[in-house]
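There are 2 protein chains.
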Amino acid sequence: MGGERDLIIELSKIFGGVPGQVICGIGDDTAVFGPEENFNLLWTIDSLIEGVHFDLTYTSLRLLGRKALAVNLSDIAAMGGEPQYALLALGWPPARDLQGALELARGMQEMAQENNTAIIGGDTVGSSQGLTLSLTVLGRVKPDELLRRDKARSGDLIYVTGSLGQAAAGLEILRQGLELSEGAKLPLVQSFLDPRPEVAAGRVLAQHHLATSLIDLSDGVASDLYQICLRSQVGAVVEAEHVPIIPAVRKVAALTGKDPLDLALKGGEDYLLLFTSSPDKKYEMQRCFAQANLPEPWCIGSIVSGKGVRLRLPTTEVEISGTGFDHFPAIRP
Amino acid sequence: MGGERDLIIELSKIFGGVPGQVICGIGDDTAVFGPEENFNLLWTIDSLIEGVHFDLTYTSLRLLGRKALAVNLSDIAAMGGEPQYALLALGWPPARDLQGALELARGMQEMAQENNTAIIGGDTVGSSQGLTLSLTVLGRVKPDELLRRDKARSGDLIYVTGSLGQAAAGLEILRQGLELSEGAKLPLVQSFLDPRPEVAAGRVLAQHHLATSLIDLSDGVASDLYQICLRSQVGAVVEAEHVPIIPAVRKVAALTGKDPLDLALKGGEDYLLLFTSSPDKKYEMQRCFAQANLPEPWCIGSIVSGKGVRLRLPTTEVEISGTGFDHFPAIRP
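Residue numbers (our numbering), protein chains in the order written: chain A, 1 to 333; chain B, 1 to 333.
Since the hints were derived computationally from the structure, they do not count as laboratory data.
Heads up, some of the hints might be wrong.
To be verified - Here are the simulated lysine-lysine pairs, DSS-like style, with alpha carbons at most 30 Å apart:
(1) LYS142(B) to LYS151(A)
(2) LYS151(B) to LYS142(A)
(3) LYS142(A) to LYS142(B)
(4) LYS307(A) to LYS151(A)
(5) LYS307(A) to LYS13(B)
(6) LYS13(A) to LYS13(B)
Bound conformation, chain A alone (with noise of 0.2 Å):
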């Protein structure tokens, strides 16, 4: 036999054993699992494509087959969500050593371990066009603490569950060679390079019924706040005064001739989770984060009624609705 069934046999011993309800893990068609009963599911899917998502000067395989896995399970946090098995679809370029795709392979599954998530199956092809990665991801949720991007309301208080730009400063960093203290550099390359998926504070959320609606930053506030705005119909006001930017991020905008907030607003693959909350529910949140161990959300804003999202900066007010990083031009008609 070819190396093909060789690298399955690899990828099953490094995603180790199946869990009591999967029935077929790796080595059959399908995987197959019993699904389990008062539970709905959560399914999604993500494409990660050298070259236009990861650029391996940058990255080490290990940390990609983390981050890879770690964008599907942002997903799931930002339903309030547990995940629970993945499937990898692996497009490996023939004539790279498949030792690669092995150390790749050891960090998806140490991200997987980290957050209580069997790979169960999946696909590996050779790809001409560089490496690519999707991944597809299960979890469940108790129907009552499913959340949504459709239920924001007007009055409601905007939350971010850390501090934002961090990833887009780390990326200008890896990009530019910026000459910054290690202590200052680490953490902002660490935001880009090895997101954290905030599943704790996505469950803190859900089983407590503290949030009307959470999405995960993945393209930046000022597009992922719009998108509920626009399931919602209402709009939001963001004050500038209280978004959480670190003073590393300050310094990045300030050498790259930046707005700090423009990377704190726009950036995108911060992967924290961003919800809205009645302000009743302030001292309760407070004290369910604490209790879990998980630093305090941050206040960003407001629900209001109409349309869009605004920054209120300190003498004026500017629109930033879906400003953040688009992957198309307009369809054309």
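Using the hints provided, position chain B relative to the given structure of chain A.
Relative to chain A, chain B alone:
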């Protein structure tokens, strides 16, 4: 807003409404649905990469959309299951007209409807590396109807659900521009460009408990039957004189200097079913397939004790284990 949101809106129009058990379809972070009691879930992912798995000089975007879904549905058929839902991750080169993405989606939706499957979400990304498509499909099967690869027994007969090598012959016609009559050419080219997943045949086998093991023919009998042998710890003998090959495939073999048996057994991409069945099920199987208006499967050999796949020719016997299409060279230690 830019093109990505417009594209998602257009795709959600093409993919249509969501079925009853789907709680969130296109437009939130993940798809959400309620699983059914008393069924196991079947879950598969497959990727197609431009320049590796397809060439748009040979096929149209509509047919590509059909085939991309068909190969995933074939994996569900290979477990005896019914497909239910699909997610699409589309990597589209930003410079290409997005109308093409919609044409691809329309083809995919045709195939989905022909197989009672709902496309309920996914992901769209820009790709500088050509068009990439990943699909993940969920299906269901009753636990006692699940058909795996690991239950073939010595003495079982080996069947295929149609004549072999048509897709490989179709590919040769396209690659080499072979001169054949339209009547000979069309079914071969269609087998390659527009395969029909054998969901109905898989269901007949599963519901009537007719098969001991089942796989779909993606890499060819030599490779796929070998998978059954490996997993079931048995050997197999294929009778050359019983391998179903239509005259047009023999014609392509003659024109290209190939052995028709090589096209039939090692060509791949036929997406028919290969299964093993106890000899005492033979007449029940004929009756069940006839009742379902499906062509009678062809018996091509039998399972024996031992290892590997052997091809019995009039005067000799050769080992053909695992000599189908392989994506990778051997893994390096």
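Each hint tested on the structure:
no.	hint	in the structure
1	LYS142(B) to LYS151(A)	violated, 36 Å
2	LYS151(B) to LYS142(A)	violated, 36 Å
3	LYS142(A) to LYS142(B)	holds, 24 Å
4	LYS307(A) to LYS151(A)	holds, 14 Å
5	LYS307(A) to LYS13(B)	holds, 24 Å
6	LYS13(A) to LYS13(B)	violated, 42 Å
Of the numbered hints stated above, those contradicted by the structure are hints 1, 2, 6, listed in ascending order.
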